[in-house]
Structures are given as C-alpha cells and as structure tokens.
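Protein sequences appear in the order of chains A and B.
Quick note on numbering: the first sequence equals residues 33 to 173 in the numbering used here.
Quick note on numbering: the second sequence equals residues 71 to 457 in the numbering used here.
It should be emphasised that the hints constitute simulated quantities derived from the structure, not laboratory data.
The beta carbon of each residue, even a glycine, is placed where N, CA and C say it ideally should be.
Pairs of lysine-lysine, DSBU-like flavour, derived with a Cα cap of 35 Å:
| id | chain 1 | residue 1 | chain 2 | residue 2 |
| --- | --- | --- | --- | --- |
| 1 | B | K235 | B | K391 |
| 2 | B | K379 | A | K69 |
| 3 | A | K95 | B | K235 |
Below, a sample of chain B positions facing chain A; criterion: calculated Cβ distance under 7 Å:
| id | residue |
| --- | --- |
| 4 | V198 |
| 5 | R199 |
| 6 | E200 |
| 7 | G207 |
Chain residues, written in single-letter form:
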Amino acid sequence: MDARSNFPRPIPEFDAQEFWAGCNRGELLMQRCTSCKKFRWLPQPMCPSCNSLESEWVKVSGKGIVYSYTIIAHPVHPAAVSRVPYNVAQVQLDEDPQLILITNLVGVRNEDIRVGMRVQVTFEEHSPGVLLPKFERVSKS
Amino acid sequence: METLKDKTAIVGIGHTEYSRDSRRSEMSLAVEAIRNAVADAGLKPSDIDGIAKFSMDNNDHVFLAANLGIPALRFFAEAPWGGGGGPVGSVLLGAMAVATGMANCVVAFRAMNERSGRGTGRFGLAAVREGAPGARGYLEPYGFFSPAQAVALSARRHMHLYGTKSEHFGAIALACRAHAQTNPNAVMRGRPLTLEDHQTSRMIADPLRLHDCCLETDGGAAVVITSAERARDLRHKPTYIMAGAFGATDRNTQAVVKFLEHPRSESTVVADDLFPRAGIAHKDIDICFLYDHFTPLVLMAFEELGFCKRGEGGPFVSDGKLRWPNGALPFNTSGGNLSEGYIHGMQNTIEAVRQLRGDAINQVKDAEIAFIASGNAVPNTAMIVRR
Numbered sequence: 033m034d035a036r037s038n039f040p041r042p043i044p045e046f047d048a049q050e051f052w053a054g055c056n057r058g059e060l061l062m063q064r065c066t067s068c069k070k071f072r073w074l075p076q077p078m079c080p081s082c083n084s085l086e087s088e089w090v091k092v093s094g095k096g097i098v099y100s101y102t103i104i105a106h107p108v109h110p111a112a113v114s115r116v117p118y119n120v121a122q123v124q125l126d127e128d129p130q131l132i133l134i135t136n137l138v139g140v141r142n143e144d145i146r147v148g149m150r151v152q153v154t155f156e157e158h159s160p161g162v163l164l165p166k167f168e169r170v171s172k173s
Numbered sequence: 071m072e073t074l075k076d077k078t079a080i081v082g083i084g085h086t087e088y089s090r091d092s093r094r095s096e097m098s099l100a101v102e103a104i105r106n107a108v109a110d111a112g113l114k115p116s117d118i119d120g121i122a123k124f125s126m127d128n129n130d131h132v133f134l135a136a137n138l139g140i141p142a143l144r145f146f147a148e149a150p151w152g153g154g155g156g157p158v159g160s161v162l163l164g165a166m167a168v169a170t171g172m173a174n175c176v177v178a179f180r181a182m183n184e185r186s187g188r189g190t191g192r193f194g195l196a197a198v199r200e201g202a203p204g205a206r207g208y209l210e211p212y213g214f215f216s217p218a219q220a221v222a223l224s225a226r227r228h229m230h231l232y233g234t235k236s237e238h239f240g241a242i243a244l245a246c247r248a249h250a251q252t253n254p255n256a257v258m259r260g261r262p263l264t265l266e267d268h269q270t271s272r273m274i275a276d277p278l279r280l281h282d283c284c285l286e287t288d289g290g291a292a293v294v295i296t297s298a299e300r301a302r303d304l305r306h307k308p309t310y311i312m313a314g315a316f317g318a319t320d321r322n323t324q325a326v327v328k329f330l331e332h333p334r335s336e337s338t339v340v341a342d343d344l345f346p347r348a349g350i351a352h353k354d355i356d357i358c359f360l361y362d363h364f365t366p367l368v369l370m371a372f373e374e375l376g377f378c379k380r381g382e383g384g385p386f387v388s389d390g391k392l393r394w395p396n397g398a399l400p401f402n403t404s405g406g407n408l409s410e411g412y413i414h415g416m417q418n419t420i421e422a423v424r425q426l427r428g429d430a431i432n433q434v435k436d437a438e439i440a441f442i443a444s445g446n447a448v449p450n451t452a453m454i455v456r457r
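Take these sequences, add in the hints, and give me the full structure.
Rendered as structure tokens:
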C-alpha cells in the first residue's frame with residue numbers, strides 16, 4: 033500500500049507488542065506493575081513508582097471520558113487531505129486518571145464532542161490485520 | 071553550594087537575515103551567525119574553543135570548527151530535545167564549560183532552513199511512512215502528527231478547566247506582532263495583527279488558529295559565552311548569567327501533550343531551581359522571554375514558571391502587561407518566534423542581551439534583569455541574566 037494513502041500503521045516492537053496483540057483480539061490491555069499494581073501509559077520497561085521491571089498486561093474496562101480533543105483542519109499528511117476535518121481525542125480511562133490515550137472518536141459528529149463525554153472502546157480496522165482501539169459515545173440511557 | 075552565579079557572561083551576539091526561503095545551506099547560515107557573534111564580542115573565530123548546539127541542529131561541531139578555523143576545539147556538546155529545549159540549554163552548556171575551565175570561550179548557536187525545508191524538514195508536514203515504531207505507533211495511526219495538534223489538546227483542556235478563551239491566546243500573538251513592527255529583521259514587519267485578524271484566521275487544529283502558531287523561518291543565531299573576568303575586557307557591557315536550570319519530569323513523553331492537573335511539570339522544575347540559585351524573586355524580573363512556539367503554551371508557561379497562578383494565565387496576559395512600552399512585564403520585545411522569525415528561540419536570547427546593553431529597538435527603560443525560558447511541554451531550560 034502506498035504510504036501516502038493511509039496514516040502509518042503501528043509497528044509492534046519490544047514494549048508495545050502485547051498491547052497490539054491484544055487489540056487484534058479485541059481487547060484493550062494496559063500495562064500494570066506486578067509489584068505495586070500501578071497502571072502506566074505509554075508502555076515502558078520500568079515502573080516509575082517502585083522501579084520494578086516486572087509488569088503484566090491487564091484487560092481494562094475500556095470505559096472512560098473525553099479528557100480533551102481537537103478537530104484537525106490543516107492536513108499535515110497526504111492521507112489527511114481527504115479526511116479533514118477529523119477529530120483526535122484524549123480519552124482518560126476509568127481505571128486511573130493518568131491513563132490518557134490518544135485516539136479517534138467514532139460514531140459522533142465532531143460538533144457534538146465535549147470534554148467529559150462518556151466513551152467506550154471499540155476496535156476499528158486500520159489496514160488488513162491491524163485493529164486500532166477507538167472510542168464511541170456511551171448513550172445516556 | 072557552588073553555583074554558576076555571575077561566573078560567566080554573554081559577550082557577543084550575531085545572526086543572519088531571517089527569511090522565508092534562504093536557498094542557503096544550514097552550514098552557511100551557522101557560520102555567518104557565529105562569525106557575526108564573535109566579531110560583536112571583539113574576538114576572532116580562532117579565539118573560540120567550544121561549540122554548544124541544539125541536538126536538532128544538522129551542523130556538525132567538527133565541520134563547523136573546520137569552517138571557522140578553530141585550531142583547538144576543547145568542548146563540544148548539544149542540548150537534548152534541541153528544538154524547544156535548546157535555546158537556553160545550549161547557552162548553559164557553554165557557561166558550565168567556561169565556569170569549570172573546560173573551555174575559555176564557547177559559542178552556542180542554532181541555524182536552520184526550516185522554511186525551505188532542505189535541512190530539518192518542515193515541522194508542519196508529517197513524515198510519510200507505512201509504519202510507525204515505538205511511541206509514534208500510539209499516535210500516528212490516528213492522524214496525530216504535529217506539535218500544533220498536540221498543543222491543541224492541551225489548549226482545549228486549559229479552556230475546559232479554567233475558562234480560558236481564544237482571545238487570551240490572541241493577546242500573546244498580538245504582543246509579539248506589535249513588537250515586530252519596529253524590528254527591521256522581523257519576518258512579520260509591516261504586517262500588523264488585530265484581534266479580529268487572529269479570531270478569523272484559519273483553523274489549524276481547533277482551538278488552535280493560524281496566528282497561534284510560530285513562523286517557519288530560515289536563519290542562524292549565535293551567542294558567545296566567556297568568563298566574567300575576561301568579559302570585562304571585551305567590547306560590550308557583559309550580560310552576566312545569574313542562574314540556569316534544566317527541567318523534565320516523568321510526564322514528558324513523545325506526545326508533547328501536557329497533563330494539566332499534575333502539580334509538577336518541566337517548567338515548575340525549572341522555576342523551583344532557578345529563582346533560589348539567582349537569589350531573586352519574580353518581581354525582580356524587568357523583561358521576560360518565553361519560547362513562543364504556540365500561544366497556549368506561552369500562557370501555560372507563565373503559570374508554571376510562577377509568574378501567575380495556575381489557571382490565571384488568560385487574565386494575566388490580557389491586560390496589556392506584555393506589551394512594550396507600557397506593559398509591566400514586556401515580553402519577547404523583538405517579536406519572538408511568532409513574529410520575528412523562528413530560529414528555535416535563540417533570537418530571544420540575542421534580544422535579551424540587546425535589552426540589557428541598552429541598545430534594543432523597543433528598549434525597556436532601565437532593564438536590568440531578564441528571564442529567558444526555552445520550550446514549554448518539552449524538557450525545559452531557562453536562565454536569569456543581568457547587566
């Protein structure tokens with residue numbers, strides 16, 4: 033595929049492999065320290081709280097809120113030209129206020145996005161064999 | 071405690087033309103800026119024995135020495151995160167080398183042809199590749215690439231938490247643009263900006279508008295640092311480095327997005343060290359230079375550096391305080407990255423020296439002490455200098 037036609041796909045390597053393998057099974061996994069049980073994001077080899085090198089990947093609820101968002105108008109990548117305006121959001125997961133992911137919100141109009149909106153993970157195909165965690169609005173009912 | 075206080079001074083400043091398309095090599099821009107700075111000090115390039123640069127700068131220390139005819143290069147270093155983090159960090163590396171006797175006379179510089187894009191590449195354009203490794207893999211698949219997009223997320227959060235308005239961001243852009251109108255070297259001279267212009271400029275990444283973003287510029291800027299003792303015999307009144315600080319935290323990741331509720335940031339770390347080392351308080355600062363890559367991060371820098379309380383950056387910047395000649399805290403008086411030219415903030419240090427020498431175009435009356443900070447939202451470096 034021409035690299036200009038789509039946004040880059042993630043290359044799972046080293047500390048990132050478990051996360052992307054989980055996505056391809058439809059599971060949102062977060063890295064947690066085996067010793068002190070604190071979550072961390074981005075994935076990294078050492079726990080900044082207790083300096084343990086042991087960590088585990090834990091399936092989380094996938095529920096959270098929109099921490100912040102932007103509607104991107106100026107395309108800086110060739111694949112963005114046909115997509116602007118599109119949203120990029122930060123979602124703060126319920127498990128820990130420091131777990132803030134960069135993602136896209138799907139199934140919601142850009143003008144209806146609000147900070148604090150309840151969202152839940154869903155997985156969308158980026159390219160063959162690559163699922164990306166994105167988030168959709170949780171209905172109020 | 072042993073400190074850097076008043077042991078070193080900036081004794082020379084120099085730059086090239088700042089332009090939108092220089093059609094020159096980055097080496098050519100670098101050596102011209104350095105030659106001008108060395109001449110301003112009343113020295114020769116062969117007097118230089120140390121070179122400190124931004125890690126992002128493409129010019130090699132040793133090839134520079136070859137161009138400049140430096141017979142014995144004793145010190146070479148670069149400031150990490152040398153985009154936003156470099157403009158003060160590289161100067162401080164030079165000051166530390168001089169203070170410890172590693173070198174006698176160090177030049178710190180930045181030279182880039184960002185606008186014509188033949189060197190660093192344009193920051194406003196994403197690299198095109200099929201796969202994104204490491205931390206980029208969590209960002210680029212979503213179409214999240216540029217610093218402006220990251221800043222937009224922090225800006226929105228600040229607006230949500232504190233009621234900050236786009237007009238507050240505009241006050242920063244307007245101050246810089248007004249200051250550039252009298253600066254013959256400013257790229258934006260002759261193009262004054264109104265708040266309406268700001269508010270109707272095209273959206274880049276909502277809530278960030280065009281005029282919230284710095285320029286893309288070609289050019290070079292350099293300063294010369296030597297010992298306080300030697301400085302007294304040189305051409306100009308020395309600009310003494312009272313204190314310097316580097317700061318980063320465990321929140322500085324490649325995403326360059328701030329976690330606004332966190333009590334500590336790269337800028338709070340810098341401020342916590344800097345003022346005690348200088349032995350002064352914020353109220354003693356006569357003039358302020360903050361790295362103005364994007365207006366919301368300038369507003370947040372004022373807060374995190376302790377010039378106002380968290381959340382009060384909007385009102386703080388909006389009462390004319392930053393505007394020369396009548397503002398209480400004149401800011402980026404040559405136009406800054408937003409309106410003079412984006413030489414990665416190094417031109418702010420040059421302007422601080424002019425102000426303290428007393429020969430700036432927008433001269434702040436009786437300016438004695440200046441505060442200069444590098445980029446916010448990346449590992450920060452900052453210093454306090456005096457005349």
